[in-house]
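If you read the sequences in order, they're chains A and B.
Take 1 as the starting number for the first sequence in the working numbering and just add one per residue.
Take 1 as the starting number for the second sequence in the working numbering and just add one per residue.
Rather than coming from a laboratory, the hints here were simulated on the basis of the structure.
Certain hints may be false.
In silico DSS-like links for lysine-lysine, alpha-carbon gap of 30 Å or less [unchecked claim]:
| id | chain 1 | residue 1 | chain 2 | residue 2 |
| --- | --- | --- | --- | --- |
| 1 | B | LYS35 | A | LYS534 |
| 2 | B | LYS275 | A | LYS326 |
| 3 | B | LYS71 | A | LYS497 |
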Amino acid sequence: MITLFKQATVIDPAQQKNRVVEDILIRDGRIVAALADDETIDQVIDCTGMIVMAGAIDMHSHIGGGKVNIARMLLPEYQAMRRLQEPEAHLCGPNCSHPATPNTTDTGMRYIEMGYTAAFEPAVLAVNARQAHLEMGDTPMIDKGGYAMMGNDDYLLRLISQQADQKTINDYVAWTLHATQTIGIKVVNPGGISAFKFNQRRQDLDQQHSHYHITPRKILQVLSRAVHEIGIPKPLHVHCNNLGVAGNFQTTLDTMGASDGLPMHLTHIQFHSYGLEGDKKFSSAAAQIAEAINRYPHITADVGQILFGQTVTASGDSMMQHLNAKVANPKKSVIMDIECDAGCGVVPFKYRDQNYVNALQWAIGLEIFLSVNDPWRVFLTTDHPNGAPFTSYPHLIRLLMDKTFRNEAFDRLNLDAQAMSNLKALDREYSLYEIAIMTRAAPAKLIGLQDRGHLKPGAAADITVYREQADKEAMFAKPEMVFKDGALVVKAGRVIKVVWGATHTVKPAFDLGIERDLKHYFDRYHTMQMHNFKISDDQIAEDGRNHVLNHSKEA
Amino acid sequence: MTSIPIALNHACPACGLLCDDIDPQQLTQLDQVCKKAATFYTREIPASVASIRGTPATLSEAIKAAAGLLKHAVAPVIGGASTDVHGARALIDLANATQASVTHLNAESTLRNMRVLQQRGWQTTTLTEVRNRADVIVMIGTDVVTYNPRFFERVVWVNEAMFTSAHARQIVYLGGQALDTRPGCSPDGRAPQVIACADADLPAVVAALRALVLGRPLSATTVGGIQVSVLQSLAETLQSATYACLVWVAKAFPHAHAELIIENITETVVALNQKSRAMGLSLGGSDGDTSVNYAHTWRQGVIIDAPHWSKHDALVWVNSFSPHAELPVVAGPTIVLGAADSVFTNPPDVFIPVATPGLDGHGQQFRVDGSVTLPLTAAKSSAHPSLSSVVQQLLAALAEGDAT
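Looking at chain A on its own, in the form it has when it is part of the complex:
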């Protein structure tokens, strides 16, 4: 099958192409430079006047796994609520679930309708990876992948406290990537989830864990080095200590120095950019955070923008979510300790523009977006569903691209919050090219998806075709066409063909000798056997809807 995209206006930052009008050829789901002499074109897509980009990639979105499903179970009222005028209601059909707690079908459908062709679950508990993959396997239309959570698992904390050599840790990290079928490593509140199980209520970066007598800084050093040395592209994904706490920006700045210059990605950094200024002792530290990101080339960040409305926060950070449970809305929450491996906290939340803290959170996120100079190092996320459902991305894109629209929204905020933000002084408007960097080229490069996020020959034909509109929210909400692996799957904002996507993984080489000690550990302390912890390619592919893509070179 050969398809020609004719007269496309290409925006492809990986090739520095900004509105280059050209043809694109696709053969059997891949972009090709040219056809052989005897080949003929089966299908011509007239793209005259259309903006063509690679499919968008969400590098941080809670789309599957235990806490996501707990959120669905916890909040049946959201399904009744979905008929109300949510900001995203225009995206929803009559049968769709609430965008904060979408079922797996809706997750895939809503993403592809917006031109997203991949999403990465950033908090796969290693012990819960099988569930995460079952849910992602039931998510149609898009590619999936996950980052395995480490840094609160007792096996690693024991290794570090026993001063195990770095090679042992590297082997364990690589083993975990294999066992959990993931593509990156995340650490959530390093040491803090474990510390909460020992009745610690806060864990600062340089504070010793009460049982293991190691610091989060040490955990970050060891893990960032392991990720670097096993040679996977995705830098350590870090959810800092002190999530959501007023004054936490200092922890965030200090965390940037914890990896000794090795790459780290600080996630949902908006939730970690709070100062202590003002009458309410809660202020924006976006300027300091953005300035530090600009200064440190080894740091990348995604924002975790909040948008107003009803959502739910689902986090691995049981320690901080236990505190946040006091402000749950509706008033209920789930906190779990899980398998000497991790934890979770699910707390429903309603962000209101007349609430001082919420209004300032909104402004802080936008201040960071507009103050980080390099769009290759700041990523467009709402930490779905924690800051807002991913279905609000088109709205967020308009806030970034349209200063008038942004300032009008700002004028509606709580007045005390307005007085504490310099947002209106920030004149920047993102260009389409910069949006393409943030949502395509940069996430593919960060995660190591060599054949995604761009339109070079050899790339998978995940392609989004937009009709350019002055209203950028309308433009990004409903692309004209979306192609997944070369197949036309969305036309005029509606899914016309169901496909299932694949699961992206890395499988770095490691010394299998680590399994001797791991097996001993499982036999001594666990309630399952080591071999059952590991997920095979066949198990991912079971029921025929999914398969594993390995981005590592064969070891």
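Using the hints provided, position chain B relative to the given structure of chain A.
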């Protein structure tokens, strides 16, 4: 990844614990290990065939008959749903194709827990945390072992725990009838504390415990025949524990509105966690109840339904782990996609034998604590198809009917 070769043991789906140490060579000698596992692994798998109203039929005839019945149904229900995750996925596909409601053999106990979750949320833990941390374990209204025979062996009296002295744990039974408390004795013979009360009094006793943990004054001196001082001392034990675990089994409560007892347990945990550490643990479970409810939730966005049999005009019944379960009566035909060793008082309209995950088929199953999913491996061979493959054929037959 290539791996150190090991003789793989089976994970046993006979209860919610999914003990994954079942030696394939010892399947007929499990009596001393676990009665539930022994019963499960000694199930005979007859070479039974499909039937229509008790008369043997080919698989394709039975599929066609089932599709015909379902096409005429206005409000079908999928019941029993005793299967694994893959079976659950298939049943949800079937539900979406036929507008059927999905319920489960254990819907009553599952929904008791879900009502608490949806009303208040909760704070819970998992088996490995309990194994390594819990220094006080209180079982409320249950001995656990009636439902999960190997709980003490696998989780409590283990050789080694990372953060506590396993053999020094304090075991308390609060309420419950005809309990087998012998497994609560420590390996060195220390007896558990048994605080008995009548079932009718358990709600008040648990409410009193919660009040005492919250530091609220009680004017009574006894509750349900128990001295308040005994409950006060239990409250203090919980408050001073390093990691207290409050265990319940939703099925074990004979009470109407047992969710109110469960909520008092989970809210006691929430109160304890203001200052010390404690967690709830819901045990019991299986027939794949957690798997089916979870898969239903992620596929449909909502939990399974409560059964209202008389409101349905067709039943699809799946009984893989409970071949003897009584068929409910609906206002219409019954189709059983069931275990080969199913037993019926009256034969269903259509019967199609399917493999049982973990017995004569593979699968994946959720453990009762919800965070862990384990692969199920076939312990025996049989020619019976998987539930998924039968449902796929049924869906194809339904679609064919639509086309004509």
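*Could you tell me which of the numbered hints above are not met by this structure, giving the numbers in increasing order?*
none
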